[in-house]
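Turn these sequences into a full structure, and let the hints guide you.
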Amino acid sequence: MTTHTPHVARRSTAARDVDVDLRSIVEFLHEHLGARLLALTVGVDDRTVRRWLSEHDRVPQFDNEVRLRGTYQVFQALQQVEAPVTIRAWFMGMNPQLEDRSPAEAIRDGDAKAVMAAARAFINAG
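Under our numbering, residues 999 to 1124 are what the sequence shown spells out, in order.
Bear in mind the hints are in silico, worked out from the structure with no lab data behind them.
Bear in mind that the values here come from a model prediction, so they are computed numbers and not experimental data.
Quick reminder that beta carbons are idealized off the backbone N, C-alpha and C, glycines included.
Hints are not guaranteed to be accurate.
[Unchecked claim] Listed below are the simulated SDA-like cross-link pairs for lysine to any residue, each with C-alpha atoms no more than 20 Å apart in a straight line: (1) Lys-1111 <-> Gln-1095; (2) Lys-1111 <-> Ala-1123; (3) Lys-1111 <-> Gly-1041; (4) Lys-1111 <-> Asp-1098; (5) Lys-1111 <-> Ala-1075.
[Stated by the list, open to error] Each pair of labels, with its calculated beta carbon distance range: (6) Asp-1043 <-> Ala-1119: 25 to 33 Å; (7) Ala-1123 <-> Arg-1048: 34 to 42 Å; (8) Arg-1049 <-> Asn-1122: 32 to 40 Å; (9) Val-1079 <-> Gly-1032: 17 to 25 Å; (10) Arg-1118 <-> Met-1090: 13 to 21 Å; (11) Gly-1032 <-> Glu-1063: 17 to 25 Å; (12) Asp-1055 <-> Met-1092: 36 to 44 Å; (13) Glu-1053 <-> Ala-1087: 27 to 35 Å; (14) Arg-1049 <-> Arg-1118: 31 to 39 Å; (15) Arg-1048 <-> Asn-1122: 33 to 41 Å.
Structure, rendered in structure tokens:
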């Protein structure tokens, strides 16, 4: 008699990222990007970021949540090949694939898709 092992599909990184709660995302990004860079990326001031962390009933607005999740997904993709300090610098630097905007500015401007494409190009250039 043969035993049958059920096929378990591996979930993509993007699918796993959906499972992460927003508070954990804010904490992670704050730890790795800092309040000022995270605030720039989301398009708020750094006091707002600190309120998200300290006031448990404070929830980012929908547009900010979209930017936070996009930033987190890009960071996770880059973290497969780079150290957090390098990723932080990458988020701040001018990027020719983003018309010389920084990835932080591009995400703030609603262009997270282009930032993910730039991140993949960075990974592949490795």
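Pair hint Lys-1111 and Gln-1095, alpha-carbon separation not exceeding 20 Å: 12 Å, holds
Satisfaction of hint between Ala-1075 and Lys-1111, Cα-Cα up to 20 Å: 13 Å, holds
Restraint status (C-alpha distance of Lys-1111 to Gly-1041 at most 20 Å): It holds: about 17 Å lies between the C-alpha atoms, which stays within 20 Å.
Consistency of beta-carbon spacing, Met-1090 to Arg-1118, with hint 13 to 21 Å: For Met-1090 against Arg-1118, whose Cβ atoms are near 19 Å apart, the range 13 to 21 Å holds.
Given pair status - Asp-1098, Lys-1111, alpha carbons within 20 Å: Within the cut-off at roughly 16 Å; holds.
Beta-carbon spacing of Asp-1043 to Ala-1119 - inside the hinted bounds 25 to 33 Å or not: For Asp-1043 and Ala-1119 the Cβ distance comes to about 31 Å; the hint holds.
Distance restraint hint 33 to 41 Å, applied to the beta-carbon atoms of Arg-1048 and Asn-1122: 36 Å, holds
Range hint 27 to 35 Å (beta carbons of Glu-1053 and Ala-1087) holds or violated: With Cβ atoms ~30 Å apart, the hint holds.
C-beta pair Arg-1049, Arg-1118: status relative to the range 31 to 39 Å that was hinted: 33 Å, holds
Pair hint outcome, Lys-1111 versus Ala-1123 [Cα-Cα no greater than 20 Å]: Holds - the C-alpha atoms of Ala-1123 and Lys-1111 are around 18 Å apart, at most 20 Å.
Glu-1063 and Gly-1032 - C-beta distance against the hinted 17 to 25 Å: Holds - the Cβ-Cβ distance for Gly-1032 and Glu-1063, about 20 Å, lies within 17 to 25 Å.
Status of the given 36 to 44 Å range, CB of Met-1092 versus CB of Asp-1055: 38 Å, holds
Checked against the numbered hints listed earlier, the structure breaks none of them; every hint is satisfied.
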